[in-house]
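Undergrad: Same order as they appear, the protein sequences are chains A and B.
Read in the numbering used here, the first sequence has 15 at position 15, and its numbers run on one by one without any break.
Read in the numbering used here, the second sequence has 101 at position 101, and its numbers run on one by one without any break.
In short, the hints are calculated from the structure, not lab data.
Where hints are given, some of them may not hold.
[To be verified] Pairwise CB distance ranges (calculated):
#, chain 1, residue 1, chain 2, residue 2, range
1, A, D55, B, A52, 37 to 45 Å
2, B, A48, A, L109, 20 to 28 Å
3, B, A48, A, P46, 19 to 27 Å
4, A, K45, B, A48, 12 to 20 Å
5, A, E98, B, R64, 44 to 52 Å
6, A, A156, B, F135, 49 to 57 Å
[Claimed, not checked] Here are the simulated DSS-like cross-link-like pairs (lysine-lysine), alpha carbons at most 25 Å apart as the crow flies:
#, chain 1, residue 1, chain 2, residue 2
7, A, K45, B, K43
8, B, K136, A, K45
9, B, K136, B, K43
10, A, K163, B, K136
11, A, K86, A, K45
Predicted, not measured: the structure shown is a model, and the values here were computed from it.
Glycine residues also receive a C-beta, built at the ideal position from the N, C-alpha and C atoms.
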Amino acid sequence: MNVHQSLTTAHPVAPLPSISLASGASDAMIRFEGVSKVYPAYRDKPSVHALQAIDFAIPRGSITGVIGRSGAGKSSLVRLINGLEKPSSGRVVVDGREISGLAGRELRLAQRSIGMIFQHFNLLSSRTAADNIALPLEIAGWSRADIAVRVEELLALVGIADKYDRYPSELSGGQKQRIGIARALATWPNVLLSDEATSALDPQTTRAILDLLANINRELGVTIVLITHEMSVVRQLAKEVAVIDGGHVVERGHVADIFTHPRHSVTQAFLSEAIGDSVPVSLASRISPQPVAGGKAVLRVQVRGTEAGDTVVARLSRELSHDVALLSARIDEIGGQHVGSLILGIPGGEAAAKQALAYLSQHDLLVERLGYVA
Amino acid sequence: MSRELINLIVQATGESLFMVSVAALVATVLGLPLGIFLATSRKGELFAAPPANGILGVIVNAARSTPFIILVVAIIPFTRLIAGTSIGSGAAIVPLTIAATPFIARLVEAAIREVDAGLIETASSFGASPLQIVFKVLIPEALPGLVLALTLAVVSLLGYSAMVGAVGGGGLGDLGIRYGYQRFMPEMMLAVVVVLIALVQTVQTAGDYLARRVNRRLRNR
Numbered sequence: 001m002n003v004h005q006s007l008t009t010a011h012p013v014a015p016l017p018s019i020s021l022a023s024g025a026s027d028a029m030i031r032f033e034g035v036s037k038v039y040p041a042y043r044d045k046p047s048v049h050a051l052q053a054i055d056f057a058i059p060r061g062s063i064t065g066v067i068g069r070s071g072a073g074k075s076s077l078v079r080l081i082n083g084l085e086k087p088s089s090g091r092v093v094v095d096g097r098e099i100s101g102l103a104g105r106e107l108r109l110a111q112r113s114i115g116m117i118f119q120h121f122n123l124l125s126s127r128t129a130a131d132n133i134a135l136p137l138e139i140a141g142w143s144r145a146d147i148a149v150r151v152e153e154l155l156a157l158v159g160i161a162d163k164y165d166r167y168p169s170e171l172s173g174g175q176k177q178r179i180g181i182a183r184a185l186a187t188w189p190n191v192l193l194s195d196e197a198t199s200a201l202d203p204q205t206t207r208a209i210l211d212l213l214a215n216i217n218r219e220l221g222v223t224i225v226l227i228t229h230e231m232s233v234v235r236q237l238a239k240e241v242a243v244i245d246g247g248h249v250v251e252r253g254h255v256a257d258i259f260t261h262p263r264h265s266v267t268q269a270f271l272s273e274a275i276g277d278s279v280p281v282s283l284a285s286r287i288s289p290q291p292v293a294g295g296k297a298v299l300r301v302q303v304r305g306t307e308a309g310d311t312v313v314a315r316l317s318r319e320l321s322h323d324v325a326l327l328s329a330r331i332d333e334i335g336g337q338h339v340g341s342l343i344l345g346i347p348g349g350e351a352a353a354k355q356a357l358a359y360l361s362q363h364d365l366l367v368e369r370l371g372y373v374a
Numbered sequence: 001m002s003r004e005l006i007n008l009i010v011q012a013t014g015e016s017l018f019m020v021s022v023a024a025l026v027a028t029v030l031g032l033p034l035g036i037f038l039a040t041s042r043k044g045e046l047f048a049a050p051p052a053n054g055i056l057g058v059i060v061n062a063a064r065s066t067p068f069i070i071l072v073v074a075i076i077p078f079t080r081l082i083a084g085t086s087i088g089s090g091a092a093i094v095p096l097t098i099a100a101t102p103f104i105a106r107l108v109e110a111a112i113r114e115v116d117a118g119l120i121e122t123a124s125s126f127g128a129s130p131l132q133i134v135f136k137v138l139i140p141e142a143l144p145g146l147v148l149a150l151t152l153a154v155v156s157l158l159g160y161s162a163m164v165g166a167v168g169g170g171g172l173g174d175l176g177i178r179y180g181y182q183r184f185m186p187e188m189m190l191a192v193v194v195v196l197i198a199l200v201q202t203v204q205t206a207g208d209y210l211a212r213r214v215n216r217r218l219r220n221r
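Bound-form chain A, shown alone (with noise of 0.2 Å):
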């Protein structure tokens, strides 16, 4: 792939002229300013109150996340920033312009500078890959000339420049969702925005596809709001995200803080799901609630943060003078923290149970009983 040649050939035309509303020196590059989304009643369906008191602003140049489950209302919400939507209530204001407040032309104009991609890549059929890049460069009245050259410039961007002249039903997905990328970077946006693009690719696919967007951010500056149900996305890509329950933002900041410290139950939920911190079923079906004699107390240490749990097994052996015993774990490492959780079984009675739960609890891990093994 290679950025810098594009980077490096002359802007075909001029950039629109931003039409700043003197947003102060905040370097917010989207702020939601008291957004709610209401979606009237219609005939036997009652209103829907999709987004309700959404405040928040996405920094200039970041990566943020924005996850929830299905239902949540982060479709909604990202419709509101490129205008597709308008808000009930409250203002959206991208690079300094209230995009809620535009209309028609004005906001025609104002779209050209926010890129989309999406889930099912929304390519047409009746265009090859180059034709699908050059659609929005149609729309905003470029020369044929002028065409030609930026889509091979985003050809070799997203590193399908040798299937210029194919069409979608000849490409892959992952190949398919680069068109898109391609399609949605060929204006110069500053803001792009990525409607669950991975969640129809495969693991690796994605994983590619993650990789040459945080190459787009990176390299281009361009500033790039996912929104996910999957906790994958957020953990390789973001650096910020916003955990979105109900209409409501019930929890934004680094992804490694939101993350370690996970205080709202969806927030926790995802995690779970994320780093598989669940009782493997085989384990789970030999605990018993009561103690067994000659068994041992099955202790569950959740790891999160710096304050690793590479170290506490040993430890809390020398600790109990008894051999700890690993029955499950699992660390991951999100935002540059360790997170997970283990697994371990305390030998040595009542006692050294109590002693076990003692120590860990000082040394600041969460910890609870599971029940006791055999």
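Fit chain B to the supplied structure of chain A, relying on the hints for placement.
TA: Then chain B, alone, in the frame of chain A:
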């Protein structure tokens, strides 16, 4: 079959082709935009105008449900106004066009509605105007369906054209009725039917071929 009768068939085929092609052309010019409007003017759609959509829908349905032979007779004054006469192949084009336009409109509407709504949203997301969406997204994406719709309309028009003999419209159907049925010439009837079958077959084959050529959803290269 005598040379004279063969000449009659050739002449009638010419009349049929003339009526059908002109009517198909005019009905497409009228029906295409009408169909696109019907497909994009419901609540929340590109050219949202629910009242206009409703009214046009009723008119289209009314025209579609009127039996063609009644339509031909009922609009004779209008035909005379447009064509200057109500007799002959030229005049017959008027009722044929009026019957085919709402038919084509409904077929076009169905073809356009087949286009994934996500594509409209995508084009909107990069600032396409409604007209740009029609010409750059809806029509190209619906093209295979549109070609098949027009093929179907032409075949139907061939059938309708057999009925305009009732008002002196001429054509193959008229020839079949007058010579084949009223003069008891079964060989004439057979000849007319064979020619009509050949015409329908040709039109359908050509339409299918064209639709396949413009369809990029299939791996057909």
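Undergrad: Indicate, hint by hint, whether the structure satisfies it.
TA: Each hint, compared with the structure:
At roughly 41 Å, the beta carbons of A:D55 and B:A52 sit within the given window of 37 to 45 Å. Remark: the range hint 20 to 28 Å for B:A48 to A:L109 is upheld by a beta-carbon distance near 22 Å. Between B:A48 and A:P46 the beta carbons are some 22 Å apart, a value that agrees with the proposed interval 19 to 27 Å. Between A:K45 and B:A48, the C-beta spacing of about 19 Å keeps the proposed range 12 to 20 Å intact.
One distance hint, 44 to 52 Å for the beta-carbon pair A:E98 and B:R64, holds here, with the actual separation near 48 Å. For the pair A:A156 and B:F135, the beta carbons lie near 29 Å from each other, so the given range of 49 to 57 Å is not met. Simply put, A:K45 and B:K43 have alpha-carbon atoms about 15 Å apart, close enough for the 25 Å limit, and the pair holds. For a cut-off of 25 Å, the pair hint linking B:K136 to A:K45 is broken: about 34 Å separates their Cα positions.
Restraint check: the Cα-Cα separation between B:K136 and B:K43 comes to about 22 Å, which is no more than 25 Å; the hinted pair holds. Proposed proximity of A:K163 and B:K136 is supported: the alpha carbons are some 22 Å apart, at most 25 Å. At roughly 20 Å between alpha-carbon atoms, A:K86 and A:K45 fall within 25 Å of each other, so this suggested pair holds.
Figure legend: structure checked against the earlier numbered hints; hints not met, in rising order: 6 and 8.
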